[in-house]
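Student: Sequence:
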Amino acid sequence: MNSQKFMRLIVGCLVIVAVVKIFFSPSSSKDTSVQTHQIIQGGNFWANQRIPQLNLVHNQEDPVKKEHEEVQPEKKETVQLNQEELEPEVPDDTPTDPLKIVHLDLKGAAPKVKYLEQIFSLLSSLGANGILLEYEDMFPYEGELSILKSSFAYSPEDIEEMKSLAKRHKLELIPLVQVFGHLEFVLKHEKYLKLREVETFPNSLNPQAQGSMDLVQDMLTQVMKKHPEAKWFHIGADEVRGLGESEDSKRWLEANNGDMGKLFLNHVTAVGRLMTKLKRGMKLILWDDMFRKLSSDTIKESGLQDLASPMIWNYIPNMDVKGIGNYISKYEQAGFKGVWFASAFKGASGIDQKWTPINHHLKNHLQWQKVITSMPQYKSVRFQGIALTGWQRYEHHTVLCELLPVAIPSLAVCLQTLKYGSFATEAQEEVQRLLGCQIELSKNECKGASFPGSDVYEMVKKINDNLESSVKKIMQSYHVKGSFSPYHRKRNFANPRNLAFFKDEMKKLMDEWDSFLLTFRQNMEAIFYPDTLEEWLEEHVSEHIERLHSMVVDVERIIKLNGQPKVDPLKKR
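In UniProt numbering, the protein residues as written are 1 to 573.
Hints were generated in silico from the structure; no laboratory data involved. Some hints here could point you the wrong way.
Think about it this way: if two alpha-carbon atoms lie no more than 20 Å apart in a straight line, the pair counts; the simulated PhoX-like pairs of lysine-lysine are [said to hold, decoys possible]:
hint : residue 1 : residue 2
1    : 163       : 100
2    : 322       : 293
3    : 447       : 472
4    : 507       : 472
5    : 167       : 100
6    : 279       : 231
7    : 503       : 462
8    : 490       : 566
9    : 170       : 419
10   : 170       : 300
11   : 167       : 226
12   : 472       : 419
13   : 170       : 226
14   : 149       : 225
15   : 300       : 279
16   : 149       : 191
17   : 231       : 277
18   : 443       : 461
19   : 163       : 114
20   : 379       : 330
21   : 226       : 112
22   : 507       : 473
23   : 490       : 503
24   : 481       : 462
25   : 149       : 100
26   : 277       : 225
27   : 100       : 566
28   : 112       : 149
29   : 330       : 370
30   : 167       : 225
31   : 226       : 191
32   : 354       : 322
33   : 100       : 370
34   : 231       : 170
35   : 507       : 481
36   : 370       : 419
37   : 114       : 167
38   : 462       : 472
39   : 481       : 363
40   : 354       : 250
Put together the whole structure using the sequences plus the hints.
Tutor: As structure tokens, this is what we get:
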């Protein structure tokens, strides 16, 4: 009996040994390593790595050091465990094909959600599969940040509706919040003056000032709470004007060999670590212009390549394709796993542009198409997508660029160009079918349009083409120039016979424009908030229509004086 028990024990041990040997066999290890390699090569692996130490002044607490201390282990084994726990987990439904995302710049002329409901459907039909939502002051910030929001900021309910619309039309929603440069909408407020990099300019955040990281964290946290499902997040960080000019930054630079690149990288990398701490698996994007002149080694030392992907932007028609290739090579050498591109479909052809030049933007996309075609030569960096930017202002304090409905034909042409690789017959026919219009590139025009907002498109075209010219034409007419100059009007001095030659024509022109602008107001109000309508009219209409009104009033007043002697404003009474 004992010998039988002993034999059973031996057999059992042999079975256990065999199972263990199979489990730890080389083939099993090989499969695991292959899977890991595939994840890394696919650009879906984002590790939390070391970042450079921030050099802080006064009593400022280093947020990165604090984060490290929270997970600082006592043993080597625990270090590995904590790194694994912080390692982001990419959702299974993350798109692997490059995205074509449409940028909505909300720092001016933000559309009402009702209009976005119509537009999102059209964008999806045109080939877009994502939206880059640059909130600026349209986000419903709360608490201490409530002063940042516009009087017409979206409500939390509006944001939920936008998210629902995006999901319905299979559009990936990517929030964009500036964390360094272009913080004018924050730094214009007295409360945040102390956080400016340049005391007299509101452009950029002082990365060394106490309170700067707290501000950034609060902003990002609030936006993330409204977008917990977001897979990507854009942190801006372009055009950091005046970096290195604050006393804090000067002291830091003096202690760090004047390394301006590191000053920039320290801040954005700290923000990157903060974001991945807020949500594991979050994929970050940032504009690339601030590290174009930095070496790949400098970038790699920062650890930024493990936290974010650069978005290379260029909006000009004759874009240097070779130069873009040099940037891609540099970022590949720096260790970035993915790279994004940014073209423009509007808001990049003139600071006060009101009519979108379609051909200008088409040429920009044809150049980008060449870059996209060249991507297979870069073996270790993946093309993740392209953002078709639609800038509404060059910055917070500048005038409006083209309204979104005015740029829809340009956007359609650009999206179809990316879809087909060129704007040949097939692409053109699809644009015309979806927009219900005839595209005429030579005239930068879409005739007979029926897309959402096409009424505003047509009316802006008429204003652009005819308002100023029609008023100028009548002001330059023979009798107005010769008989009703500013001198005559000021002195109430004119011959009624001469005024009669243009009085009725001038009154008719005024009435026609008044009637037209009444309808224009109604169409604009269906899409935009009152502040947009007021600003656009004041910038593009008021000067001309008020001049016309003033002339008509003066004509009707002075014609009744029957050619009396002139009033001398210098004569003593």
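Student: Please name the hints from earlier in the document that this structure breaks, with their numbers sorted from lowest to highest.
Tutor: 3, 7, 10, 12, 15, 24, 25, 27, 31, 32, 39, 40
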